[in-house]
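**Student:** Sequence:
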Amino acid sequence: MSADTDSVEKRYLSLHERYSVCRRNSTFPAVVVVVIAYSKASALPSTSFLARRITELQQHFPLLYASVEGARSTKPYFQSRKEVWPPSEILFHTTYTPSSDAKEELGQVFCEEPDVLAKKQDFYSGPSWQVRIHTHPAQPRAYLTLAIDHIYNDGRGLLALLGCLLADDISSLPYEKLSSIPRVEDTVDMKPSLGYFLPIVFDKLLLPKLPNFIQSYFKKSPTWPSTSIRQGPIDLPAGQSIISIPLDLLSKLKIVSKEHGIKTLHGLLKAIYMVGVWSVYRHTLTPFIIRGSTPRSERDSALGHPLCTGNFVSSHKVDIPLEGNDDFWTVATKVSNHLIYPQSIKYGRMDMGMLACVPDGEFDPPHEDPRRVTKWEDFFLTQAYSETPFNESFSFSNLGVTKLPQGAEDLIWGQEASPYAPPFNVSLISHEAGLRLVTVWKEGSVAVEAEVKRMETVFEGVLRKLVEGVEDTTLASLTKL
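Residue numbering for the sequence shown follows this note's numbering, starting at 633 and increasing by one per position.
It should be emphasised that the hints constitute simulated quantities derived from the structure, not laboratory data. Possibly wrong hints are sitting among the right ones.
[As the list claims (entries may be wrong)] Computed list of lysine to aspartate or glutamate pairs in DMTMM-like fashion (alpha-carbon distance at most 25 Å, straight line): (1) K978 x E721; (2) K895 x D959; (3) K1085 x D959; (4) K978 x D932; (5) K884 x E715; (6) K836 x D951; (7) K1112 x E1100; (8) K1112 x D983; (9) K836 x D1010; (10) K1007 x D867; (11) K895 x E1092; (12) K642 x E808; (13) K1097 x E955; (14) K752 x E715; (15) K642 x E744; (16) K1007 x E817; (17) K895 x D951; (18) K707 x D818; (19) K735 x E1075; (20) K895 x E1075; (21) K884 x D747; (22) K823 x D983; (23) K886 x D958; (24) K890 x D754; (25) K852 x E955; (26) K642 x D733; (27) K852 x E1064.
[Stated by the list, open to error] Here are the computed distance ranges between Cβ atoms for each label pair: (28) E736 x D880: 16 to 26 Å; (29) E1000 x T859: 32 to 42 Å; (30) G993 x P769: 19 to 29 Å.
For each residue, glycine too, the CB sits at the ideal point set by N, CA and C.
Generate coordinates for the entire structure from the input sequences, incorporating the hints supplied.
**Tutor:** Structural data, given as structure tokens:
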């Protein structure tokens, strides 16, 4: 079907979009996924509806049928195609593996979904996204999944795309033009200042070359898990786990949070997760300093950003030292306030802008390792293979509150574990069924499943104690099982 374009259009990739190309070139692509659960297959949207909508959405949003050209160069770009992708190349039916445990079954559907796009050999010559219907002939439950490569979208965009996919009427949606879609760094100031840039250069490039007795005067205290890496993450299997928090408990937590002056529920949940990590690994590092990152959406229609495609995020980080006698509410206040400090937001943007400082260029002759397509792939692979592959302790990505699609009973989202990601990658979303946290990790690198389960037990235990209003809110007391 014609895309109704008079000429070929193109738009160069943003820094983060190119980083996602780098991940795919080096065989570790990032695919973002949302899974919707239905109690019965009859509640699913019809195949004919989805097929029609897939065509319509491509006509509205050109990135959904654009190709990536120059993927093995230093200047990749999106290019429009003459035709939108036929629904048959995006919409699929599959049979899921049933389980007696609904949460386990949901997790299994989520676990398998990124693989389809991630392992696609001809990715650059086909669609970047997929919609799959999961049913079983002997089971009532059914699932609908939407997945897209991170090159083309971020978490907020994925959720907006899902809304457009399932909406009854999309006649009011805009018709976007590929060449008019800005890059985030062209509309939001992400250029690192000298005050931000120079200390990083000193720590990473100059300090390691100084004599050890001089280095000791300048070295900062390490953050976890610098001393707790069992094995490099590259060749290890992925692990995943889901926490489900009931809506009534979440509502009570919001009340308690406000009573203690915590300005964002996200900040409170992030602090609880930090405490969970500390409770399991506190003996591995002294002082125990944890670095938690939060992707922050920069998507803004007033800046010309598209409705539901493209990457428009910055990366907010905070370092928090933790000890057993620390008061939880003091920790939570620090974490929450740091999320909204103007300087923190500015630094989060600069952190993403640091991608412009990554060594760049093409290899001539080509590198003997075919994954090291340019110096970007070489840089990030070298980091992943190093003795210190992790720059953060965990990532805490929250899409906030959404409404379950019509007829649905549950919804989760996230992406698979990656050697390019922190030890724990946590994806949150809340809806009428409650709060859902999906944690993914590389099994055996920093964590093993039993430790993650202990962390989750502590997370839920701390949450309930806070709601109950216990008097002793030191970390040592709250984490006693």
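**Student:** All hints, please: hold or fail.
**Tutor:** Comparing the hints with the structure gives:
1. K978 x E721: 41 Å, violated
2. K895 x D959: Judged against 25 Å, a Cα distance of about 17 Å means the pair holds.
3. K1085 x D959: Holds. K1085 to D959 sits at ~24 Å (cutoff 25 Å).
4. K978 x D932: 16 Å, holds
5. K884 x E715: Answer violated: K884 to E715 is near 51 Å, above 25 Å.
6. K836 x D951: 18 Å, holds
7. K1112 x E1100: Holds, at roughly 15 Å.
8. K1112 x D983: Roughly 36 Å between the alpha carbons, so the hint for K1112 and D983 is violated.
9. K836 x D1010: 17 Å, holds
10. K1007 x D867: 22 Å, holds
11. K895 x E1092: Given pair K895, E1092 holds - Cα atoms ~21 Å apart, limit 25 Å.
12. K642 x E808: Holds, at roughly 13 Å.
13. K1097 x E955: With Cα atoms ~19 Å apart, K1097 and E955 stay inside 25 Å; holds.
14. K752 x E715: Since the Cα atoms of K752 and E715 sit roughly 21 Å apart, the hinted pair holds (cutoff 25 Å).
15. K642 x E744: It is violated: about 33 Å lies between the C-alpha atoms, which goes past 25 Å.
16. K1007 x E817: Holds - the C-alpha atoms of E817 and K1007 are around 21 Å apart, at most 25 Å.
17. K895 x D951: 19 Å, holds
18. K707 x D818: This hinted pair holds, its Cα atoms lying about 16 Å apart.
19. K735 x E1075: 20 Å, holds
20. K895 x E1075: Violated: K895 and E1075 sit about 34 Å apart, past 25 Å.
21. K884 x D747: 38 Å, violated
22. K823 x D983: 9 Å, holds
23. K886 x D958: 22 Å, holds
24. K890 x D754: Answer violated: K890 to D754 is near 50 Å, above 25 Å.
25. K852 x E955: 18 Å, holds
26. K642 x D733: Outside the cut-off at roughly 47 Å; violated.
27. K852 x E1064: Violated, at about 44 Å.
28. E736 x D880: 16 to 26 Å: The hint (16 to 26 Å, Cβ to Cβ) holds, given that E736 and D880 are roughly 23 Å apart.
29. E1000 x T859: 32 to 42 Å: Since the Cβ atoms of E1000 and T859 sit about 33 Å apart, the hinted range of 32 to 42 Å holds.
30. G993 x P769: 19 to 29 Å: At roughly 54 Å between Cβ atoms, P769 and G993 fall outside 19 to 29 Å, so the hint is violated.
The structure fails hints 1, 5, 8, 15, 20, 21, 24, 26, 27, 30 (numbered hints given earlier, in ascending order).
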